[in-house]
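Asks: Residue strings, one per chain:
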Amino acid sequence: MKLAGVVCRDAIIAQLGSSERDAVIEELVQSLSDHKKVRAANAKALAKAVIKRENEASTGIGKGVAVPHVKHKSVTDPLAVVGCSQEGIGFASLDKQPVYSVFLLLSPASDPDKHLQAMETIFKNLQKDDFRRFLRQARTPEAIIEAIKDADGDSN
Amino acid sequence: MSEQTYEIEIEIRNPEGLHMRPAMQFVDLANSFESDISVGHQDVSADAKSIMQMTMLAATCGTRLKITAVGSDADHAIEALRDLVDNKFMDDPDLAVGEKEG
Chain A
1 MKLAGVVCRD AIIAQLGSSE RDAVIEELVQ SLSDHKKVRA ANAKALAKAV
51 IKRENEASTG IGKGVAVPHV KHKSVTDPLA VVGCSQEGIG FASLDKQPVY
101 SVFLLLSPAS DPDKHLQAME TIFKNLQKDD FRRFLRQART PEAIIEAIKD
151 ADGDSN
Chain B
157 MSEQTYEIEI EIRNPEGLHM RPAMQFVDLA NSFESDISVG HQDVSADAKS
207 IMQMTMLAAT CGTRLKITAV GSDADHAIEA LRDLVDNKFM DDPDLAVGEK
257 EG
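Listed in order, the protein sequences are those of chains A and B. Counting from 1, position 125 in the first sequence corresponds to residue 125 in my numbering; the numbering is continuous, with no gaps. With the second sequence counted from 1, adding 156 to any position gets you my numbering.
Hints are computed from structural coordinates only; laboratory data are not their basis. Warning: the hint list may mix true and false statements.
Restraint-style ranges between C-beta atoms, simulated for each label pair [what the hints assert, rightly or not]: (1) B:His232 - A:Glu87: 40 to 50 Å; (2) A:His35 - B:Ser158: 53 to 63 Å; (3) B:Thr161 - A:Glu142: 27 to 37 Å; (4) A:Glu146 - B:Thr161: 37 to 47 Å; (5) B:Ser158 - A:Ala23: 48 to 58 Å; (6) A:Gln86 - B:Glu165: 20 to 30 Å.
The C-beta atom is built at its ideal place from N, Cα and C for all residues, glycine as well.
Produce the entire structure from the sequences given, and follow the hints as far as they go.
Replies: Put into C-alpha cells, the structure is as follows:
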C-alpha cells in the first residue's frame, strides 16, 4: 500500500490554525468534510471519536509525529489526512516533545486488517528521518504531497 | 549474568490484530527488560522496544510472529511477552469506539 493511496491530498493542511490537540483533530476532520471525503453530518461524531480514542492513550509516538485515529462504522476505506504545525502541538507524546506533523487516520470499524495495513504504510514512512524532516520543513500542501511521493518512491 | 538467547513463535489472536494499543503494551513490557528483543514477521524484523517499528509489522489476527530475546533476562522477557500475547493483551476497549459513537 502506498501513502498516496491513503492520504487525501486535497484535504492536507500545511499550516494548521491551532496548536491545541483537540482543535487540530477537529480542523483535520473538518477539512476532510469540506472536501467531501466524509459526510458533513458525520464530521462532529468522527472528531469526537478520535479525541476519545486519543484521551485513552496518546498516539504521539515521539519524534514530532502523532497518528490520531479511530475505527468508525461510517468509514468504508481507510482515509488519512496530514496536518503540519510550525509552532508544535501538545500531544502528550511519549517523549514529551511537541508534535509538528499529524497523520489523522479514519478506518472502517468492520475491517481491522485494512486499518492495520494503513497504519503499517504510515509508520513505515514516518520511520524515515528524511520524510519526517521534509514534512517538518513543508509550508505548502504541494511540498507535503511531494514528500509523500518521494517517500512512496515514485517521485518522477 | 551470562548472555542467553531465547526464541518463541506466537500467534496474534485478538480479532483486531496487533494494532497500536496492544503494540504499545508490548513495547512497554519489552522496555522493562534489559535484553535486546526483536519481533519477526516474514522478512521484516522489528525492534520490540520501538512503537514505530512494531506498528509496522501490521500483524493481523492469525499472524505468527517470532520473538527473539538476547541478554541476561531473555528467558523472563520471553515468558512475560508470551503471557501478554496469550491473554490477548487483556483485550482492549478500543474496538468498541466505532460501534458506540456516531
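Asks: Against each hint, give a clear statement of whether it holds in the structure.
Replies: Each hint tested on the structure:
About 44 Å separates the C-beta atoms of B:His232 and A:Glu87, a value consistent with the hinted range of 40 to 50 Å. For the pair A:His35 and B:Ser158, the beta carbons lie near 59 Å from each other, so the given range of 53 to 63 Å is met. For the pair B:Thr161 and A:Glu142, the supplied restraint of 27 to 37 Å is violated, since their beta-carbon distance comes to about 49 Å. Range check, A:Glu146 to B:Thr161: about 44 Å between beta-carbon atoms, so the 37 to 47 Å window is met.
A hinted range of 48 to 58 Å for the beta carbons of B:Ser158 and A:Ala23 is consistent with their spacing of about 54 Å. With their beta carbons about 46 Å apart, A:Gln86 and B:Glu165 fall outside the hinted range of 20 to 30 Å.
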